[in-house]
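J.: Below are the chains, spelled out letter by letter.
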Amino acid sequence: MKLAERLKLRAAERAAAWALRRQGPDTLPVVLQRRRIYILPTRAGIGFSLLIFTMLIAGLNYKNSLALFLTFLLSGLALVAMHQCHRNLLNVKLLDMGTTSAFTGERGGIVLTVTNESRTPRYRIELRALPKEKIATADLGAQTSRRMDLSVPTSTRGLLALKRLNVATSHPFGLFRAWTWVHLPIVITVYPRPRGAKPLPAQHGINAGAVSRGSTGEDEWLGLRPFRDGDSPRQVAWKAYARGAPLLIKEYGSTGSDLRLFDFSALTDLDVEARLEQLTRWILDAEKRGERYGLVMPNQRFEPDQGADHRQRCLTALALFGVTL
Amino acid sequence: MSAYADRRALIWSTGSFLMAVLLHIDRVPLWASAAAFACAGWRIAATGRTVRLPGKYFKTALTFLTLGAVLLMFRTLNGLAAGSALLVAMGAIKLLETGNRRDHYITIGAALFLLLAACLERQTILRSPLYLLHTWICCSALIVVAHPRSLLSNRGAAWLAAKSLLFALPLALALFLFFPRLPGAFWAFSKSGSATTGLAESMSPGSISELTDSDDPAFRAWFIGAMPPPNERYWRGPVLHDFDGYTWTSRREHHYVPERVDGLGVAYRYRIAMEPHSESWWFALDTITTPPHRRVRVTYDHQLVGTEAVTELTTYEAISHTRTQSSDPLSILARRFDTALPVGRNPKSRELAAQMRARAATDDEFVKSVLDMFRKRGFEYTLTPPQLDLNSVDDFLFNTRRGFCGHYASAFVMLMRAGGVPARIVTGYLGGEWNPIGKYFLVKQSDAHAWAEIWVNRKGWVRIDPTGVVAPERLERGILDMFPDSVSAQARFMRRTPWLADMGQAWDAMNAWWDAQVVGFNFESQLSMLDRLGFDEPDWQQLGWTFAGTLGAWLLWMTVQLGRAPRGPHQDRITRAYQKLCSKLAHAGIHREPHFGPLAFADAITAQRPDLSATLTPLLTAYANLRFGPKLSAPKVSAFERAVARLDVARR
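Going down the list, the sequences are from chains A and B. Each residue of the first sequence is one higher than the one before, starting from 1 at the first, in this note's numbering. Each residue of the second sequence is one higher than the one before, starting from 1 at the first, in this note's numbering.
Honestly, the hints are just simulated from the structure, not real lab data. Cβ atoms here follow ideal geometry from the backbone N, Cα and C, with glycine treated the same way. Please note that a few of the clues may not be correct.
[What the hints assert, rightly or not] Residues from chain B that face chain A, not an exhaustive set, calculated with beta carbons under 10 angstroms:
1) Phe37
2) Val145
3) Leu175
Using the sequences and the accompanying hints, generate a full structural model.
T.: Quick look at the structure:
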């Protein structure tokens, strides 16, 4: 059976590559148009056709009018089913796509927004990312959008690229499957696994050793810095902006306390992957404690900060370290 | 959610299978049907926690048990009845499997197979709607089982199945008419049908009267052209030659060259639709010379004998004469066979015959004197005469003097033979009930009759019916009229209520139409249909082309119909009206830029043609409200359409 499975996978790959050559790569939004939808009978459909064939032979042999009528009715039904299956997928639109990063070993996510702009409901639209993974299925009412989630396993850090998605349906009778390949570049960032037993490095800062206050305590004025994507608008220096200055962020900071600097080159006794994993562990711990941390990599430097964006930037840097894009 | 979906799929697939079992419930052995319902109940009970399904060994044992039971009952696994029973039982065992999608598909497949078996078995007009209903249920089950978690409700699935079947119906009808049903079979299959009891190849005293309470139809006859008068409506069945003193039998091994026969009077053309009766003879009006079908031959005694038993409704056309003449002499063999009498049996009748023959000058006078005896010597025509002993003719002529058509015919032929006149018994049917709706004669088993034929020099075989002498009303009226109390209860009841009898006739006419046009639709029917449509010399190739043509036409129609996305009815009209408005304005020289919405267009018109602004601005605003506004109402749409239609824009 494994040989058959491998052959089937190879065949599917070749077919998808052919479809790519024929259709070209896709850009969002993708509308599933007539010429890109393919349709074939399922196993149940082949069984059904055998049933119809047997009925035909029996009806012709015994000259039985009702059996022949039944045969013809079911054949017509099969043809109608083929049309309906095709029409179920036709003009479904993929509006949007996003990815969710994950740590190595966890599952990365793909989020899609699928729209049905027609007045007929579409049932059982199935999305597949990888052959063996779970299928996301949804029913779309008339003129409705739905969000559909897929997940893929990750095994190495870096960028996980998927070449295509498979959108299929076998509604209504399950006798035919209509499908199309959507060739979108799907890239999931896979962070290194957070692993390492080393304690967090000692705190740096202007007043090292000073008692750290809670984050709700008074913060000292540190200065202004340029606005970065993801900064909270509440910290923007609006008065300065009103006067014509560019967008600036008012920087406050705890007085030197809970400021850590994670240095890649300081971890001399670990190899590259282990260093990255340890740094990941530290970053997560620092985030959990609410401390500010900075990251020093051979090619990049991230100033001490905290927050979801900072975390993501640092983790992405760790994930992409040494990975050629 | 998953449990709900599983149960839903289970109920639909089980339901379709059980309905298939119900279709067969009166033919399939009771244990099989009961097993099906029991297994279905077990399986549904097993969706809870308490009941568990059996394991592999139990099911295997059950399978072998089933095979054994079917073999025991039917002695074979082959054949329609055995096959249906086997399928019902096997499907029942399949129901006990845990239900994944494949199992449900197999169950529905089994249901469809049982439906096929039901169609092969019975094609009556009453059961056809049931078959359609079952098809619908199976298709709905397919939809639900394919995607049980879908948001499509059960009612939605049934509606979708009905819509799909309706789309498929025109194709089914077209294929039904035009798909070439080439004659011949791929394999032979003995259908053990339930045959109606009717005439046999032997006749004993009382065997004909046994059939008088049977309402089963034997055949229906449509006359094309002239119809014979009631006293000539004799339908020939088995002709009996050999007598053993009590029973007459037809010994088919006797062959002799038949005499050449010339028909006198009208040649009656008729069509017969013969019900299956598990014998191999066909019926014809009196004397037939040309076989109506290549599968049947005319015997030397003008009987139609087919190559195989009649197991299904058979239609054929034939031409017969009711009066014939033959100038050939009777062959020696014929004379020997048809004057033979058993030695030592019925001695008194032999003597009587010898006496009467001696007294008569010619054969004709002899015949007349025998008939006179029947008429005058106090003979009675009754359905329930006393039993006769082995010397049946003696007993009848000298003792009881009461009998039915068979007794009289038997006695007459025996007397003829004893007097040296070659004679033979002809069994068959007499008369038939006229159905004014379908314009045919319905001949039932209760019309069974026996009469005689004697050989007259230079005239050939002449029909003599002693019943016509003793009970001449029998020729005009049917058994029902003559012996109203002895026919079946239904017939009596129908007779008493005339409107019921009319309805019965209408029902029979509808059944006859169904049997002839739908069930009996065969290759010849297809060719004659093509002929009526205007094709010259239709053959199966032309049929094939017509079939391909209709298939293509249907595919085209269906693609167009299904491909049309349903638009909201109001939306469509609004867009059309707007387009009409724009085209009217374009004709007047005002073009709408493609990027203009209706309000921007109104502004442009105000700038370009201020004189039209008063009429057009409200119109365009109305369109904008209809198209993009929150509420849509039919009167507003109609008002907009009317305004657009009335618009008349002059060119500047």
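J.: Hint by hint, note whether the structure agrees.
T.: Checked hints:
| no. | hint | verdict |
| --- | --- | --- |
| 1 | Phe37 | violated, 24 angstroms |
| 2 | Val145 | holds, 7 angstroms |
| 3 | Leu175 | holds, 4 angstroms |
In the structure shown, a violation is registered for the earlier hint numbered 1 alone.
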